[in-house]
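**Q** Chains as they are written, first to last, in this note's numbering: chain A, 319 to 585; chain B, 33 to 467.
It should be emphasised that the hints constitute simulated quantities derived from the structure, not laboratory data. These numbers were taken from a predicted model, which means no experiment stands behind them. Accuracy of the hints is not assured; some may be wrong.
What the hints assert, rightly or not - Within a straight-line C-alpha distance of at most 30 Å, the following computed DSSO-like cross-link-like pairs (lysine-lysine) qualify: (1) K395/A to K192/B; (2) K304/B to K274/B; (3) K321/A to K339/A; (4) K243/B to K304/B; (5) K374/B to K378/A; (6) K236/B to K274/B; (7) K230/B to K170/B; (8) K501/A to K483/A; (9) K171/B to K224/B; (10) K171/B to K223/B; (11) K460/A to K50/B; (12) K483/A to K374/B; (13) K170/B to K263/B; (14) K140/B to K274/B; (15) K456/A to K50/B; (16) K263/B to K50/B; (17) K374/B to K460/A; (18) K449/A to K483/A; (19) K529/A to K513/A; (20) K192/B to K236/B; (21) K405/A to K374/B; (22) K374/B to K335/A.
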Amino acid sequence: MSKTVLSTRGLRKTYGKRDSKFDALRGIAIDIHQGESVAIIGKSGSGKSTLMHLLALLDKPSRGEITLHNHPTANLKARQLNTIRNKEFGFVFQSFFMNSNDTVLNNVILPLKIAGVGYRERRRRAISALKTVGLDDKRNNKANDLSGGQKQRVCIARAIVNDPKIIFADEPTGNLDSATGEKIIDLLFRLNQEKGITLIIVTHDHELAAKCSRQINIKDGRIVADSANETLEAENDDKEEFKDNDMDDMLDHQHPTHHINVDEEEE
Amino acid sequence: MRMLDVIYDANANLLRNKLRSFLTILAIFIGSFSIISTSAIQAGVNDFIDSQVDSYGGEGYLAVVSNDSFDALDGLQNGMGNNKTPIEYNPDKIQTGMSPLTNEQIEKIKKIDGIDGDSLAKEQTLDITYVTSEETDKKYLIAAEALPPGNVKVSLVTGKQLNLQADEYQILLEEKYVNALGYDNDNIIDKKVQLAVKDDYTHKIKTFAAKVVGVIAPSVVSMGYQYTNNKLADDIYQENIKYYPEDMKNKTYAVAVNYDYENYSADEIKDKLEEIGLSAMTVEDIIGTIKSFFDIILTVFRIFGYIALLAAAIGIINTLFMAVQERTREIGLDKALGMSSKRVFLSFSLEAIMLGFWGSVFGIILSVIIGNIANAVFHAPGGFLESFPTFHLVVYTMSDIISVTILIIIIAFLAGTLPARRAARKNPIDALRYE
Ligand SMILES: Nc1ncnc2c1ncn2[C@@H]1O[C@H](COP(=O)(O)OP(=O)(O)OP(=O)(O)O)[C@@H](O)[C@H]1O
Ligand SMILES: [Mg+2]
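With the rest of the complex left out, here is chain B:
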């Protein structure tokens, strides 16, 4: 018997009892849909994270700050939420905005096993004591830096990009500062906020009135930094170092280094840095919050998908046992006319495979349709991914589609082996005598 005939007959047999086949396929469909959707979201998240990791310096990147700087860099603790409030300034607490790394610490970093000393790059972070505005009495900690050179576009909720060369003070703020400072996104643009800078020597405060030109969209890579134009950054920096001895004038608040991620775990390196009073973050740490959020959803999805597949497998077994029973005489005739047991087994297995195949194909098709609609909806104005144009919630890769299909076909085949074996073992005489 030709393979094409066997496949054709398997499909024809499924169409004989359309409702039963449909219901069996439905269960597979649900499993297939859940699993492919999970994979697609996972791929979407991973793609996004990869692109973030690359844009930030890739794997092996470590941002190192002194432990004290963590208070200001609360972007880490607060995650990317907009509804969070910045930490309030409290003059009675030892609560430095950003505290510099000592030269000694920097030299130690370079000597740590697994860290590439040559890769160390200093970041010029501004030491701002607090930020406030005319609309509030409260003062908040803030970490800000000049927007790096190059054609960097910060993703904005409203307003426009910084004019780096402008002769006035400009700043981009995250939404949480907008709200904390008594404004909202609609009315903050072109308003001025006060950046207070206290020098370490005289403890006198100098205030810089910076014009807010835009509101930063939530981003996982900002690490909680607000961005200033060059003039504001330069002037604050000069104020920071005004009373420093010459050798301290090149102090830094954060350094970036690469570590040997193939031979060392990030935690090992972090522990070593901890010993000298430093904190480090990998890009994964920075992105960790968003990832764990998706991981929970995906796990639920995936478990659901596998439960559906398990139920589907039982459905296949049941459906095919019924089919074997119904077609006892037919099987007997086929065998009497010379069909081998192997062919009988194959034809029932193929029916199982076809059930699996159609279930997975329909599940995948629906998932792709819904996924693309979801991508479009989430990126439309007002959608929750509007400010992450590079983040496709669902990404369907050919390898995911093929592996899900193959997985389901294997499950269907295994489920089908039980009834198929029963069919193959039927003796033509008994089958022909069967009423």
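Just chain A, same shape as in the assembly:
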């Protein structure tokens, strides 16, 4: 097996204080290896996004540690975290997160602009990223005028423009119909195959999860199944919870995502 890029031990995340206190993650241990494509699956509210945010160093765990390339991340300075997110990570979000009044090109350029790349260079790289997702001809359109699938492709172009090692995608097909979703999935896996980018994908989409080299199933803030590591159960604190887990349960949950514009999970 190749190098470990991200790993966590005893990861916990508690939201709120006192009465409204809520444990979103209750002890997560994973090792993610370079070039893997990992699907994080589970019911709504199980803590998938929370886990992804922690892995992406967008948020700090309440307890436990995250190591990146075997370096602990807890004591990194804000500046170092920003650089890592900018240079090592790419992000694709469910609801796009674009500056909708800006042009497609400017949206893709954003990470490079933040990195302080010069005007010509960043333009060249953004155009090349847009070519990769097949939207080169739309570069001067307003982002808002694109279709949902096109928007998500722009987001992928933005995610890859700074040559990341890892792409985090939170329900990248959640807002798309299945045909469009498939295109996005193909695109992500092509990047995984051709550039060796590690994919960490939070999804409800059964098809997408199945295409990944590894599936991690989360329930109530715990890992209840990890296709890559059957011995992992030993590391989970609550074994009795674990035996309740039922893969069918999870698949039931995923079923609706095969319909167009699945939105019922969002409140």
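We have chain A; now place chain B with the ligands onto it with these hints.
**A** Relative to the frame of chain A, chain B with the ligands by itself:
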């Protein structure tokens, strides 16, 4: 992120909500306009005063007369107004036109601490009892002196300059005398006025008929003096001293001295002169009336400007809080993609600074345009500054323009720090979850 990008984006963000930005800038604009205009008028007045002070002998100059002479030199009390009437001659009152300084007083002046005795210069002022004309029964006090030698041009409302060497009696009068003597500016030229001179010994009156060749424009430096040509001055002076003993023939009515203005205040020196029965005026005293007039206007202007700026600062805070709220998701995205909190703070601060910058620039531009038009209009024939060609009502100095801009930018920046801090503190996750 490059600074140029941050500046560019800040401007672009302001253009996103044009109306809101425009209204915020408008408030700053009003403040900027008021403050720069105030500074410009202040600079104009100060420039003028400086030039007057220089032409009159500069700082440290003191004109000293006997206390009694103050009645005649009513230019001081009446200021520069044209509508004022000279004080009437009243033979029953002890009301000397000009009373001379004694030699003893002059020696005392020289010995006063802080006065440069060597600088003392006597001024030959004429002792004229009153002035009258054929058009009026009234008699008025008058202070007159020969126009100093050199190529002195008196600023005139009408008529022409004195011919100093002319063989006839010529005089330049202020407008208040023109009116008091029953004329107006259009018909006084070449008319004769009667200057009555009573000698101190026989109390007989001798009258000099002087031709009015011009009407003096209001000026802050005339101190209420009317000007004569040399022949008239010489003849009146000879009449004044006709019965004087020889040693009194060089008597003087006013002296000019310099005092040590770096170590003494004008008031200290004036108090010392008061003790020996003398009155003194600095150039600032002479100019005081015009200055206090402008000071009041300028204070009102300035207060207005600062109130407008205060309102503008609140406008900036409000505008940017709204912008932070609107752009919550955008800020979250920027931060998720690696933008530092400092940059987020900077970009909102820059927006505040840009609001301030554009507001102050537009305010300054408009003020300069209006100020130059005003200068031109006031100096045009009939304008209220026509007779003060050297007085530019508004003077824009680079340092004023820069300091007003910097002041407004600082105010805008400070106002912007509140919303900018809120933006910088946004957590990317919360911002991304924000609907
Ligand atoms: N900022 C927060 N404050 C309080 N509770 C939170 C916060 N963020 C998430 N939670 C809670 O943590 C739990 C896990 O949330 P998370 O977003 O990780 O779920 P998820 O698995 O991604 O669900 P979905 O599939 O609906 O996106 C939820 O119960 C949610 O209500
Ligand atoms: Mg989620």
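**Q** If a hint holds in the structure, say so; if it does not, say that too.
**A** Results of checking the hints against the structure:
no.: 1; hint: K395/A to K192/B; verdict: violated (84 Å)
no.: 2; hint: K304/B to K274/B; verdict: violated (33 Å)
no.: 3; hint: K321/A to K339/A; verdict: violated (37 Å)
no.: 4; hint: K243/B to K304/B; verdict: violated (41 Å)
no.: 5; hint: K374/B to K378/A; verdict: holds (19 Å)
no.: 6; hint: K236/B to K274/B; verdict: holds (12 Å)
no.: 7; hint: K230/B to K170/B; verdict: holds (17 Å)
no.: 8; hint: K501/A to K483/A; verdict: holds (21 Å)
no.: 9; hint: K171/B to K224/B; verdict: holds (15 Å)
no.: 10; hint: K171/B to K223/B; verdict: holds (17 Å)
no.: 11; hint: K460/A to K50/B; verdict: holds (19 Å)
no.: 12; hint: K483/A to K374/B; verdict: holds (26 Å)
no.: 13; hint: K170/B to K263/B; verdict: holds (26 Å)
no.: 14; hint: K140/B to K274/B; verdict: holds (27 Å)
no.: 15; hint: K456/A to K50/B; verdict: holds (27 Å)
no.: 16; hint: K263/B to K50/B; verdict: violated (74 Å)
no.: 17; hint: K374/B to K460/A; verdict: holds (29 Å)
no.: 18; hint: K449/A to K483/A; verdict: holds (20 Å)
no.: 19; hint: K529/A to K513/A; verdict: holds (17 Å)
no.: 20; hint: K192/B to K236/B; verdict: violated (33 Å)
no.: 21; hint: K405/A to K374/B; verdict: holds (18 Å)
no.: 22; hint: K374/B to K335/A; verdict: holds (28 Å)
Violated hints for the displayed structure, listed by number in ascending order: 1, 2, 3, 4, 16 and 20.
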